[in-house]
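Protein chains: 2
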Amino acid sequence: MISIEDAEKAIAEKGKLIDKELEKFLPKRKGDCLYEAVWYHMATGGKRIRPALAIMACESVGGDGRKAIPFASACEILHNWLLVHDDIEDGDEVRRNQPTVWKKYGIPHAINVGDLMSQKVFQLVLDSRQAKVDDETTMKLLELMADTAVKTAEGQAMDIGMRGKEPSEKEYMDMVTGKTAYYLMAPIMGGAMIGGAGKKDIERIYEFGKHAGPAFQIADDILDLTEGKGRGEIGRDIKEGKRSIIAIHCLSRCTSGEKKAMLEILDKNPCDTSADDVRFVRAMFERYRSIEYSKSKADELMEKARRAIKPLPDELRGLLDMFADYLVNRKK
Amino acid sequence: MISIEDAEKAIAEKGKLIDKELEKFLPKRKGDCLYEAVWYHMATGGKRIRPALAIMACESVGGDGRKAIPFASACEILHNWLLVHDDIEDGDEVRRNQPTVWKKYGIPHAINVGDLMSQKVFQLVLDSRQAKVDDETTMKLLELMADTAVKTAEGQAMDIGMRGKEPSEKEYMDMVTGKTAYYLMAPIMGGAMIGGAGKKDIERIYEFGKHAGPAFQIADDILDLTEGKGRGEIGRDIKEGKRSIIAIHCLSRCTSGEKKAMLEILDKNPCDTSADDVRFVRAMFERYRSIEYSKSKADELMEKARRAIKPLPDELRGLLDMFADYLVNRKK
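Those protein sequence lines, which keep their order, are chains A and B. According to my numbering, the first sequence is numbered sequentially starting from 1. According to my numbering, the second sequence is numbered sequentially starting from 1.
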């Protein structure tokens with residue numbers, strides 16, 4: 001059974017190889033508001049968990065982990081590209097307790113920085129050939145990356161579209177599945193492909209993500225109310241008026257007077273939301289047990305996720321079980 | 001000798017095939033603020049000149065133009081993705097006499113729309129295999145696309161960085177070469193690759209672009225002062241404080257008092273720039289013959305571009321000569 005300690009060891013061991021690969025395509029320049037900004041963002045404490053998962057997935061099916069290094073590095077860039085653009089889209093000024101890229105470099109540069117990163121993803125995946133990945137697999141990896149980003153953008157459009165609206169739980173689940181399933185699983189799917197896993201097993205990994213992705217998002221939304229998400233405050237999602245499953249549950253249960261008051265707070269300009277406003281919404285969440293509901297929903301989804309991977313070969317399943325534990329137990 | 005009429009005929013003939021290919025990857029959905037927005041942008045009068053060039057380049061070296069359709073369509077998306085994001089970066093509210101995507105759908109959606117398009121580029125290029133392009137060439141096309149977008153982002157970062165500064169002509173030329181050479185030539189380079197052109201000839205096409213790209217940009221900057229660029233007004237670049245070669249030339253020639261007055265206008269918030277301000281700057285450009293200077297600079301660059309392609313096979317050279325004429329003579 002693979003443990004979280006194994007993953008941490010893998011991250012420590014492979015981290016340097018990943019950074020070396022990244023530097024091949026992202027020179028550490030200073031003062032150009034481009035590569036400097038990429039590294040400014042990348043250095044703010046990324047855990048490199050995605051690349052580690054890619055390499056471990058490759059090894060778990062008997063492949064040579066070194067072959068997965070370019071793809072693994074591409075996963076790290078894909079993730080960070082989307083964070084750079086998300087922060088603009090959400091108006092987030094702080095990430096990992098530092099000013100976000102747009103806050104530091106301005107919106108025009110930040111858009112351009114993300115655009116650069118979106119292309120470095122493909123340069124890195126194409127570099128797989130240097131690591132002796134065959135052309136057919138390289139093509140599949142390229143396809144996987146483009147598909148992942150497309151699905152994520154589709155989910156993101158639904159998410160942005162929900163602002164100021166009252167989505168149903170079903171609409172929420174569709175959105176969050178689109179936004180997270182591929183996004184979360186691409187590193188493991190790609191790693192397993194490089195290691196030689198068959199089509200059926202890759203589909204099972206994706207099936208895991210269809211449940212684990214939403215569970216992860218729900219856990220994340222709960223974290224925002226308890227520990228914060230490294231965005232400098234607790235309850236930031238309330239300020240942003242986010243239609244999390246917690247908010248959706250609460251809005252569908254509370255009285256029409258409470259609903260009116262809640263929507264008024266959620267739809268305020270974040271700068272105008274007071275600490276009292278945030279406290280009021282949190283109290284409502286507690287009154288209607290919306291956090292408990294969301295927790296049990298996440299548990300149920302994780303259970304489904306674990307069921308989906310039962311037929312996988314032992315080591316690969318062990319990796320996904322470990323990943324499931326990580327998603328459930330992580331603090332930020 | 002290929003004429004501009006041949007190109008127009010090619011655009012009319014191939015346009016439908018391109019649109020069909022585009023619709024394969026970009027469904028015509030309504031109301032989703034994503035695919036709807038892509039088509040809103042694409043329908044505002046794009047001339048589809050890039051895809052036509054790709055197909056003609058393929059045919060000019062003896063290839064089957066149908067094989068170039070996926071790549072040609074990808075070129076159209078790459079171009080339009082960058083326009084969608086550029087409009088946000090530049091704060092442009094009007095393109096082709098319609099509200100820009102960010103103006104109509106908001107900045108968060110517009111960033112996401114561009115991100116989606118940036119990935120559709122790769123899905124389309126990968127579809128080349130369905131059009132019987134071999135894997136090796138498909139890989140090269142993928143590389144070309146990523147390299148093109150990377151070079152463009154590098155140039156764009158320099159461009160954004162010049163705002164509010166006083167760049168030298170050399171700095172300007174470095175920026176504009178980075179931003180335009182690949183961007184302009186990728187359709188022809190890729191089309192020629194699909195048609196079977198050799199490495200040396202592909203390099204010559206790029207060499208053409210290293211001169212023609214900046215010439216094109218300069219011609220574009222002159223258009224802004226004469227006909228406008230379909231952005232609803234003449235002299236928009238002055239409002240935006242753009243460091244065009246015209247502005248750079250003028251600033252390096254005028255008196256220190258004039259310079260102070262000009263910089264004050266260029267660096268104003270565009271909303272605060274009056275019609276008198278624009279007139280003042282244009283009068284300065286005329287006094288120092290900066291438009292004439294820029295025109296002769298563009299001519300000189302086009303001359304170099306034409307020299308670079310002398311050794312190319314007749315038909316391919318003919319296509320590039322036609323393209324050169326188009327760049328010099330276009331009105332908007």
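These are computed hints drawn from the structure, not numbers from a lab. Glycine included, every Cβ here is placed at the ideal spot set by N, Cα and C. Hints may be right or wrong, so weigh each one.
[What the hints assert, rightly or not] Negatives, chain B to chain A, calculated, CB over 10 Å: (1) Ile248; (2) Arg253; (3) Ser256.
[What the hints assert, rightly or not] Derived SDA-like pairs: lysine to any residue, alpha-carbon spacing no greater than 20 Å straight-line: (4) B:Lys151 to A:Trp39; (5) B:Lys132 to A:Thr137; (6) B:Lys104 to A:Gly91; (7) B:Lys103 to A:Ile88; (8) B:Lys151 to A:Gly31; (9) A:Lys24 to B:Lys132; (10) A:Lys165 to A:Lys24.
[Claimed, not checked] One side only, chain A facing chain B, incomplete, derived with CB under 7 Å: (11) Cys33; (12) Pro108; (13) Phe122; (14) Ile160; (15) Gly161; (16) Met162; (17) Gly164; (18) Asn329.
Hints versus structure:
1. Ile248: Fine: 20 Å to the nearest Cβ keeps Ile248 of chain B off the interface.
2. Arg253: holds (29 Å)
3. Ser256: Given that every Cβ of chain A is farther than 10 Å from that of Ser256 of chain B, nearest at about 28 Å, it holds.
4. B:Lys151 to A:Trp39: Holds, at roughly 18 Å.
5. B:Lys132 to A:Thr137: Since the Cα atoms of Lys132 of chain B and Thr137 of chain A sit roughly 18 Å apart, the hinted pair holds (cutoff 20 Å).
6. B:Lys104 to A:Gly91: Distance ~19 Å between Lys104 of chain B and Gly91 of chain A Cα, so the pair holds.
7. B:Lys103 to A:Ile88: This hinted pair holds, its Cα atoms lying about 16 Å apart.
8. B:Lys151 to A:Gly31: holds (17 Å)
9. A:Lys24 to B:Lys132: violated (32 Å)
10. A:Lys165 to A:Lys24: Cα-Cα ~45 Å, so violated.
11. Cys33: OK, holds: Cys33 of chain A within 7 Å of chain B, min 5 Å.
12. Pro108: It holds, given that the least Cβ distance between Pro108 of chain A and chain B is near 4 Å, below 7 Å.
13. Phe122: holds (4 Å)
14. Ile160: holds (5 Å)
15. Gly161: holds (6 Å)
16. Met162: Because about 11 Å separates Met162 of chain A from the closest Cβ in chain B, which is outside the 7 Å limit, the hint is violated.
17. Gly164: violated (11 Å)
18. Asn329: Violated, because the Cβ-Cβ distance from Asn329 of chain A to chain B comes to roughly 31 Å (cut-off 7 Å).
When the structure is compared with the earlier hints, violations turn up for hints 9, 10, 16, 17 and 18 and for no others.
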